[in-house]
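Novice: Single-letter residue listing:
2 protein chains.
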Amino acid sequence: MKTIKASIIGFGSIGQGVARVLLMKKDYLKKEGLDIKVIAVTDSKGAMIDENGLDLEKCLEIKSEKGTIAEEKMTGLEVIRQIEHDLVIEVTPTDVITGGAGLLNMQAAFETKKDVVTSNKGPLTLKFKELNELAEQNGRLFRYEATVGGAMPIINLTKEVMAGNEIESIKGIFNGTCNYILTRMLEEKAAYSEILTEAVDLGIAETDPTYDVEGIDTAGKVVILANAVFGMNKTINDVDRTGITQITYEALEMSERNGKTIKLIGEVRKNGELTVSPRLIPIGHPLSVSGTLNVASVQTDLAGEITVTGKGAGSIETASSILSDIISIYKEN
Amino acid sequence: MKTIKASIIGFGSIGQGVARVLLMKKDYLKKEGLDIKVIAVTDSKGAMIDENGLDLEKCLEIKSEKGTIAEEKMTGLEVIRQIEHDLVIEVTPTDVITGGAGLLNMQAAFETKKDVVTSNKGPLTLKFKELNELAEQNGRLFRYEATVGGAMPIINLTKEVMAGNEIESIKGIFNGTCNYILTRMLEEKAAYSEILTEAVDLGIAETDPTYDVEGIDTAGKVVILANAVFGMNKTINDVDRTGITQITYEALEMSERNGKTIKLIGEVRKNGELTVSPRLIPIGHPLSVSGTLNVASVQTDLAGEITVTGKGAGSIETASSILSDIISIYKEN
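One line per chain: the protein sequences are A and B, in this order. Numbering-wise (my numbering), the first sequence opens with residue 1 and increments by one. Numbering-wise (my numbering), the second sequence opens with residue 1001 and increments by one.
Hints are not guaranteed to be accurate.
What the hints assert, rightly or not - The calculated lysine-lysine pairs, modelled on PhoX-like cross-linking and capped at a C-alpha distance of 20 Å, are:
1. B/1030 <-> A/159
2. B/1037 <-> A/159
3. A/159 <-> B/1260
4. A/31 <-> B/1159
5. B/1260 <-> A/260
6. B/1159 <-> A/30
7. B/1063 <-> B/1037
8. A/331 <-> B/1159
Said to hold, decoys possible - Label-pair ranges, simulated between beta-carbon atoms:
9. A/97 <-> B/1283: 34 to 42 Å
10. B/1078 <-> A/129: 48 to 56 Å
11. B/1084 <-> A/233: 15 to 23 Å
As the list claims (entries may be wrong) - Chain B stretches covered by chain A per the calculated footprint, using a threshold of three residues with CB under 8 Å from any CB of chain A:
12. 1102-1113
13. 1154-1168
14. 1308-1317
By construction, these hints were calculated from the structure, which means they are not laboratory data. Don't be surprised by glycine CBs; every beta carbon is placed ideally from N, CA and C.
For reference, chain A alone in the conformation it holds in the complex (with noise of 0.2 Å):
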């Protein structure tokens, strides 16, 4: 039995949802040889700190009761640095400008010599070469399924199943949201602005929808595609990008009378070209999913044009890909 020592950054939805999962899957990853010990779980306002293991149960009702894990008056970042653990599940907030938070984390992580299984996307699109140089230099893993589509397994499938493969592009939905406004303006023959306030009303927009209506979180996950899959070193103004504000349920629908629909499609090919836009799918096509679904099709030289779909959010789905992630890097060791 291996024993890794964890913490999780960050106690919101996606963090919690790791916490189920490390408790659902508490046996298997026995019977795997895997022990993970929780010696840490941080939020905004503090942290929880056990380092013969923390009762991941527990912190989730004192989570739920009191909106905050709490007890002691220190942030992540010096839990990174001040207590002895192998691992960091950095899950704070994204945030796409300055890296916040999460940035500082994983560095301050691979320069303690801590291993880091992430679903933050802000440090990768920013500084994704810097960060694989620092675990590099400190021989230290990074792993980051669940940046790009939530349970949609795109990167290890990529890296792993397909190897041979010269992979010549990549693209797909990465956003559930445009993803969802689409399929419901054609379905309720409706207008852009009322199917955004259907999808506020019910959590699937944020209020300010921005970041994903027009591209930016798209654009996002196809930086890391680049840098992760093709070895670039890109950002996120390397993008060319367009959102779906200016879709019509008109354009939708003659769309539709000839066989095709329109989705906002995030792309990345070998040569370097980095694009978002609202683009025409066949009906029928692997990409012509709906819904809140996320999908990637991988253009390779041999295997032709291989597709994955999958949620791209929701705390359990993402939660899945983080596992996945801790169960290859302690699993390879």
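Once you have looked at the hints, place chain B on chain A.
Specialist: Same frame as chain A, but now just chain B:
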């Protein structure tokens, strides 16, 4: 550099695809530290052998000029038994009734301490457990991604990338011929028999299409998934099977008016139920792909539903799965 001595047993469309892919990827493999040296190629008429490594370019030329690479009167089985090498690439034609030459070839390979990578479903639908046990007893590896869905990476996806998830069911379209017929019937408003004739003319269906249209091919793939992913011990007789021969254009059209499409779906559930039957799939659902594509949808406890789509046939596409398997065997050892 690790040198792997390999034989290609069967030199039809897939065997030639393997030769082409090994030629295309020679430099890539060298960079990965692998020198795959093909020391024998066999077809139904005989073998070509060079223990220092055959020139695959020349093998392909001779096959195309003479219709056979037979220089010596040795069968595949004799090559496997008598010539020292490490890896048997078993790509003889599939026979789901007896297992055909493939079954004997695989048994002989393991008994003489060789690894096996194959695209040949027959032996796996009949003797999956026995073959795996034989491989294990002899300390050899057995990989068969190409047996299900050609280039679509369903087996390695579920076994490697989705670690930590419990698989509840896998369902999908595993036969491109049936999918082509159902897609075209609706496009052309045509009867089953009419489109079948078209498919035979285009080489998409065999002159005797029973194996495809009665769902036997799909059933074979369902059996392999049951055994490989769920650890069951099933054969083709355990599958409750209905083909597509009774589907009318009118049924397809009525489904379409209700926003659905009819697809031949193979499914394995963790309770041991294996089925092949035509089913209604909502348009826009990831399983509703058109043409000759294959698709598999994996229901998991954490990640929800993950779907993967790819080309189910084609010599280079199938060979690409064989190549990925070869890389996975020799890189992990």
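Novice: With reference to the structure, classify each hint as holding or not holding.
Specialist: Status of each hint after checking the structure:
{"no.": "1", "hint": "B/1030 <-> A/159", "verdict": "holds, 18 Å"}
{"no.": "2", "hint": "B/1037 <-> A/159", "verdict": "violated, 25 Å"}
{"no.": "3", "hint": "A/159 <-> B/1260", "verdict": "violated, 35 Å"}
{"no.": "4", "hint": "A/31 <-> B/1159", "verdict": "holds, 16 Å"}
{"no.": "5", "hint": "B/1260 <-> A/260", "verdict": "holds, 16 Å"}
{"no.": "6", "hint": "B/1159 <-> A/30", "verdict": "holds, 18 Å"}
{"no.": "7", "hint": "B/1063 <-> B/1037", "verdict": "holds, 19 Å"}
{"no.": "8", "hint": "A/331 <-> B/1159", "verdict": "holds, 13 Å"}
{"no.": "9", "hint": "A/97 <-> B/1283: 34 to 42 Å", "verdict": "holds, 39 Å"}
{"no.": "10", "hint": "B/1078 <-> A/129: 48 to 56 Å", "verdict": "holds, 54 Å"}
{"no.": "11", "hint": "B/1084 <-> A/233: 15 to 23 Å", "verdict": "violated, 47 Å"}
{"no.": "12", "hint": "1102-1113", "verdict": "violated (count 0)"}
{"no.": "13", "hint": "1154-1168", "verdict": "holds (count 9)"}
{"no.": "14", "hint": "1308-1317", "verdict": "holds (count 7)"}
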